[in-house]
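Visitor: Use these hints to put chain B onto chain A, whose structure you have.
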Amino acid sequence: MKGFTKASAAVAVGIAAAISLAACGTTADAPGDGGSTGGSTETYKIAYQGPLTGSNAAYGTYSRAGIEVALADYAAKYPDGPKVEVDYADTQGDPALAPAVATDLINDPSVLGIVGPSFSGETNATGPAYAEAGLVTVSQSATSPALSTNHWATFHRVVAPDSAQGPAAAKLLTDIKGFKKVFVVDDSSDYGVGLGGEVRDTLGDALVGSDSVQVKDTDFSATVAKVKSSGADAIYYAGYAPEAALLLRQLRDGGYQGTFASGDGTVDAAFLTAGDFTDGTLLTFPGVLDAGDEFTKKYDALTVSDKGTIGAYTLESYDAAWVLLSGIGEGKTTRADLLDWVNNYDADGLTKHIKFSSTGEIEGASGVYYYTVDGGKTVSGGPIE
Amino acid sequence: MDFSFLFSNFFELSITGLVLGSVYALVALGYTLVYGVLQLINFAHADVFMWGTFVVAWVFILTGASGSTTLLGAAPYLLIALVAAASASGGLAMLVERIAYRRLVRKRALSYIILISAIGASFVLSETMGIRDKVVALIDGIINAVVGLFGGHIDIVGWLSDYTSRARGVTTLPLTIKPQVVFSAGNFSVRDTDLTIILAALIMMIGLDQFIRRTRLGREIRAVAQDPEAAALMGSNSTSVVSKTFLIGGIMAGVAAVLYQIKVGATTFDLGVVLGIKAFTAAVLGGIGNLRGALLGGLLLGVVENYGSALFGTQWKDVVAFLLLVLILLVRPTGLLGQTLGRARA
Numbered sequence: 061m062k063g064f065t066k067a068s069a070a071v072a073v074g075i076a077a078a079i080s081l082a083a084c085g086t087t088a089d090a091p092g093d094g095g096s097t098g099g100s101t102e103t104y105k106i107a108y109q110g111p112l113t114g115s116n117a118a119y120g121t122y123s124r125a126g127i128e129v130a131l132a133d134y135a136a137k138y139p140d141g142p143k144v145e146v147d148y149a150d151t152q153g154d155p156a157l158a159p160a161v162a163t164d165l166i167n168d169p170s171v172l173g174i175v176g177p178s179f180s181g182e183t184n185a186t187g188p189a190y191a192e193a194g195l196v197t198v199s200q201s202a203t204s205p206a207l208s209t210n211h212w213a214t215f216h217r218v219v220a221p222d223s224a225q226g227p228a229a230a231k232l233l234t235d236i237k238g239f240k241k242v243f244v245v246d247d248s249s250d251y252g253v254g255l256g257g258e259v260r261d262t263l264g265d266a267l268v269g270s271d272s273v274q275v276k277d278t279d280f281s282a283t284v285a286k287v288k289s290s291g292a293d294a295i296y297y298a299g300y301a302p303e304a305a306l307l308l309r310q311l312r313d314g315g316y317q318g319t320f321a322s323g324d325g326t327v328d329a330a331f332l333t334a335g336d337f338t339d340g341t342l343l344t345f346p347g348v349l350d351a352g353d354e355f356t357k358k359y360d361a362l363t364v365s366d367k368g369t370i371g372a373y374t375l376e377s378y379d380a381a382w383v384l385l386s387g388i389g390e391g392k393t394t395r396a397d398l399l400d401w402v403n404n405y406d407a408d409g410l411t412k413h414i415k416f417s418s419t420g421e422i423e424g425a426s427g428v429y430y431y432t433v434d435g436g437k438t439v440s441g442g443p444i445e
Numbered sequence: 004m005d006f007s008f009l010f011s012n013f014f015e016l017s018i019t020g021l022v023l024g025s026v027y028a029l030v031a032l033g034y035t036l037v038y039g040v041l042q043l044i045n046f047a048h049a050d051v052f053m054w055g056t057f058v059v060a061w062v063f064i065l066t067g068a069s070g071s072t073t074l075l076g077a078a079p080y081l082l083i084a085l086v087a088a089a090s091a092s093g094g095l096a097m098l099v100e101r102i103a104y105r106r107l108v109r110k111r112a113l114s115y116i117i118l119i120s121a122i123g124a125s126f127v128l129s130e131t132m133g134i135r136d137k138v139v140a141l142i143d144g145i146i147n148a149v150v151g152l153f154g155g156h157i158d159i160v161g162w163l164s165d166y167t168s169r170a171r172g173v174t175t176l177p178l179t180i181k182p183q184v185v186f187s188a189g190n191f192s193v194r195d196t197d198l199t200i201i202l203a204a205l206i207m208m209i210g211l212d213q214f215i216r217r218t219r220l221g222r223e224i225r226a227v228a229q230d231p232e233a234a235a236l237m238g239s240n241s242t243s244v245v246s247k248t249f250l251i252g253g254i255m256a257g258v259a260a261v262l263y264q265i266k267v268g269a270t271t272f273d274l275g276v277v278l279g280i281k282a283f284t285a286a287v288l289g290g291i292g293n294l295r296g297a298l299l300g301g302l303l304l305g306v307v308e309n310y311g312s313a314l315f316g317t318q319w320k321d322v323v324a325f326l327l328l329v330l331i332l333l334v335r336p337t338g339l340l341g342q343t344l345g346r347a348r349a
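Residue numbers (the working numbering), protein chains in the order written: chain A, 61 to 445; chain B, 4 to 349.
Excised from the complex, chain A in its bound form (with noise of 0.2 Å):
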């Protein structure tokens, strides 16, 4: 039934938006067409590179709705300023789909600047060539550490990357939750090996074993059987969602009942609402969940057909789309200026101050928060300091 009301409501909205946007096509063009002779008439492009299809779709429609409502701000803040589209361009989030759309986006001469890669392993195999072709990347999403030291002069990101993550699990399992016996497995994605390295080169003497499975994975009995004789008291998980909720049910059918904690790869429906037996998971995550009345009203208020839908990294995603939208509605309309723009960007975002380091990271520590899921949400317990 839940689905159903869903489905309906979306269709609705649908209807909704689409005669709105005819309405507003109509009584906008006429005036538009007549009056401004003297105003920009070029479109420019900012584009997404992120998964729209696939197994981790959901984190497209995630950013989607950040970038729509930065999309909304900017024909309020700069209505006379050039006008954007935003290219959502589908890499599935696999590394071996992402360079022949990236390689679309850098011929596309409209496409100034990239929300995105999503992820890290997409991150790698495309930073190269927007380097080369000057074409600056703001990623909402993209966490592992090592991507900043390619020295790709357009590598940007809005998210603190896994070496802030990792090391706060890890405080958070033994610090804060206590725990004296930690267990950490990855699943051998750029991603994951970067997180849960992290995590297990800060527990120390908590680390009491690990093990790397692989993206796909359905069956972890090994990795069950060597948790249990471990006798770890808590187990971090670094990977992403489908394999986490499996991993933890037969974690749960195989007897263990330690504490499962992972990170912001996991925080997505495919986990949170695979069953009850992921009531009580410890999930870190680089940012905030709950995006604030502020900002869900501005979401409500969109008509487009497409409006995403809120969750994980959908403020990153705003901060991002709207670090390249402020500086084409300033008139940096050259990928060159635009890169410039964002090089010297200096001003509060929706989930922190931006200015950006040399590397392209977030100058000065961002906070990792951690969450608690009961009944299928997330309920924070705060930053971890």
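Since the hints were derived computationally from the structure, they do not count as laboratory data.
Be aware that a few hints might be false.
As a list, the in silico DSSO-like pairs of lysine-lysine whose alpha-carbon atoms are at most 30 Å apart [claimed, not checked]:
(1) 437/A to 288/A
(2) 241/A to 181/B
(3) 437/A to 137/B
(4) 105/A to 137/B
(5) 276/A to 288/A
(6) 181/B to 437/A
(7) 276/A to 137/B
(8) 110/B to 247/B
(9) 181/B to 276/A
(10) 288/A to 181/B
(11) 105/A to 143/A
(12) 240/A to 437/A
(13) 358/A to 415/A
Guide: Frame of chain A, contents of chain B only:
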């Protein structure tokens, strides 16, 4: 290499390996049966299995199962799901034979042409599942274009939204099956779900083995496997036998799908890719075309994967499993029990 961990958890690793191996074995049967009668690999078979896992999930959604319960509590749902998944997978396997195989086999097409046809069928099956939301939307559009002429509207997208949501993501069973401890041995507790899966797989295998050995259809299948032309001369309709062979393979895949859902409780449209390779490997390991070989190969592969994970780390699982396959094939090129369906003792 962590030998002490392997030895101290040997029993648990063996049991959980056998559980997964049981699923491999049942799926491997489909490969082996078809290879037996046609000497062709049915690459669409793993996707027939994948459809079975979805039918199980849909039965759970349709019957309103939710929350969590024991295996016994879930038994009514599982029995309905068993019938539904076996019928759906069996029917789908026959459809694959009808569309992707029959004409090509009759026209004596080269084997690689039939192979491509089967790979095509595999993609169609998995991608149709992966875009099922769009398929439903398309059907909705067509039907409403007609119904709209009479001023009506049927909200098919809305009705089916529970079944089509997250089309490319994970579909989780709405009911979580909580295993119960049956008995404990050392540091490991044996659970009812594990025992059920292994026993069910064994019963299916023995039943099928006896079926092929003792029944009229079984004799016909063996005859076609040995010599299709001679079988035809003896009055056996080989087209019908091949079709029924696909049906049996599909039914086994449907049973495997139920067992898989008891263990994992979630499925994706691309599940067949990895599981298909594993089950095909199991069939080759045991000797393709050999029913008992499929059982042995499946169970062995499941257990070896677990031992490999324990010794070297879980990411070495596939390396160990496939190294073993290569080594065994070097020594025994026809697989462990290397004989074909046709040459099986009467």
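Visitor: Can you name, in rising order, the numbers of the hints this structure does not satisfy?
Guide: The structure breaks none of the hints.
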